[in-house]
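Engineer: What follows is each chain in one-letter form.
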Amino acid sequence: MTRAAAAPPALAEVPSIGEAVVFALRRDLRVALRSRAELGVQLLFYVIVVSLFPLATSPSREVLSMLGPGVLWTSALLASLLALPRLFAADFADGTLEQMALARGPLPAYASGKMLAHWLTTGLPVVVLAPLLGAQYALDGVALTLLAASLLIGTPILSLLGATGAALTLGARGGASLLALIVLPLYAPVLIFGAGAVDAVRAGMSAAPQLSLLGAGLLLAVVAVPFAVAAAVRIALD
Amino acid sequence: MIINWFRYASPVSFYPLAGRLARVFGVLAAALALIGLWIGLVAAPTDATQGDAYRIIFIHVPTAWMAMIVYVAMAFWSALALGLNARLSAMMAQALAPTGALMAALALWSGAFWGRPTWGTYWAWDARMTSTLILLFLYLGVIALRQSIDDPRRADRASAVLSLVGVVNVPIIYFSVQWWNTLHQGSSISLTAAPKMAMIMLTGLLFMTAAAWCYCIAASLTRVRAIILERERSSGWVASLIGIGTPP
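Note that the protein sequences, when read in sequence, are chains A and B. Residues in the first sequence are numbered from 216 upward in steps of one, following the working numbering. Residues in the second sequence are numbered from 26 upward in steps of one, following the working numbering.
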């Protein structure tokens with residue numbers, strides 16, 4: 216597998232923010248699409264975790280429709296967590312990350328491209344798959360739509376917050392469990408608002424407040440996280 | 026008189042100062058706690074509705090407050106450590122983390138023992154209990170991250186970034202848990218509508234809070250002294266301090 220397939224921007228000109236984002240995005244997508252099996256396994260993980268809960272509780276439609284939003288959301292958290300080590304670790308090990316930090320383009324932009332690629336390959340499939348799995352939890356059409364909508368707004372936040380944790384744990388001992396300890400508490404508000412949105416429509420209320428808060432969180436994360444990730448990457452490269 | 030604060034940004038000059046301050050605050054903490062406990066356990070009357078169980082408040086509330094305040098202090102020192110690249114600030118942040126975690130754990134522990142006689146359960150998913158639990162996880166994450174990075178300077182800066190990310194998140198977590206709690210539990214269990222406290226109880230609480238402040242300051246200064254010694258162990262002043270100028 217040749218990782219240098221996409222030529223880095225010519226040194227003569229400083230790439231703009233947009234160019235840097237697109238470069239990192241295209242590169243990471245290409246790398247991800249070359250190991251499709253890995254992507255499939257991660258999606259399968261989501262499906263299996265979701266399928267385990269009825270076995271552990273009850274097949275009754277009443278219980279399942281009550282558990283459904285929480286289970287689908289918690290599993291989305293775990294699926295996002297599972298894919299996090301891949302985000303920076305390989306690029307850190309083979310020096311790509313160092314080249315990005317040394318490149319003339321802004322590092323936060325490269326980091327944004329990588330995070331966007333991470334969401335497209337792990338978050339988006341979960342968003343697409345969730346309504347299908349939600350139907351097995353006896354959720355009705357409105358709840359399923361809301362589930363997909365809340366995941367669509369919420370999973371990018373998971374990718375962004377998780378990327379911060381992944382960058383901070385680069386080169387640290389402890390690996391995946393350390394990452395989980397750092398990232399999962401930060402996920403709590405996303406889980407509460409995400410699952411809460413679905414619960415609200417199930418209870419006949421409007422989900423607008425939860426979705427608005429998720430959207431606000433997403434905007435905040437999109438603006439702030441790339442800089443935190445860039446800082447963390449530079450710390451790891453020191 | 027102008028005090029040159031930057032003089033104390035150097036571990037060499039801060040070490041003896043921290044020692045003196047730790048002693049002062051340690052003695053203060055013990056004295057205030059003695060007074061506070063005497064008021065709380067002896068002078069204050071038994072509560073009409075909760076009986077003697079309410080006396081846990083004298084430990085529970087101060088530790089819960091300190092758990093939050095210490096996190097903000099840790100984030101403050103982390104910001105200084107990142108912004109000014111100050112070694113001592115990072116050491117202060119490192120020294121505060123275990124104290125903060127201890128405070129959060131004590132708040133949860135005492136809350137459980139208070140909940141049993143008054144609510145009939147050790148644990149309820151009360152908004153404040155849940156957010157204190159998440160706060161404890163945040164502390165443990167910062168401590169664990171530091172433990173798993175070998176280079177102390179890198180560990181300093183990585184845990185500083187995590188503390189800052191955490192401190193932005195703490196209000197969001199608190200708010201979201203509050204929201205979640207009101208949606209799910211209604212007002213079945215509520216301590217917010219606590220009856221007005223008697224003056225004597227408030228006085229005891231005040232003394233215990235001051236004692237908790239002094240304890241946290243004394244404990245973290247004592248810990249920062251140990252951290253300074255550990256980090257600077259190869260320097261000349263530490264060697265002459267502990268009198269091992271010549272190898273045995």
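FYI, nobody ran anything at the bench for these hints, they're computed from the structure. Possibly wrong hints are sitting among the right ones.
[Said to hold, decoys possible] Selected chain A positions facing chain B (in silico; Cβ < 7 Å):
no.	residue
1	387
2	393
3	397
4	401
5	443
6	445
[As the list claims (entries may be wrong)] Restraint ranges, calculated between C-beta atoms of paired labels, are given here:
no.	chain 1	residue 1	chain 2	residue 2	range
7	B	207	A	278	22 to 30 Å
8	A	229	B	46	45 to 53 Å
9	A	231	B	200	34 to 42 Å
For clarity, every value in this text was computed on a predicted model and none was experimentally measured. Cβ atoms here follow ideal geometry from the backbone N, Cα and C, with glycine treated the same way.
Engineer: Each hint should be assessed against the structure and marked as holding or not.
Structural biologist: Quick rundown of the hints versus the structure:
no., hint, in the structure
1, 387, "4 Å, holds"
2, 393, "6 Å, holds"
3, 397, "4 Å, holds"
4, 401, "5 Å, holds"
5, 443, "6 Å, holds"
6, 445, "10 Å, violated"
7, B:207 x A:278: 22 to 30 Å, "24 Å, holds"
8, A:229 x B:46: 45 to 53 Å, "50 Å, holds"
9, A:231 x B:200: 34 to 42 Å, "37 Å, holds"
When held up to the earlier numbered hints, the structure conflicts with hint 6 and nothing else.
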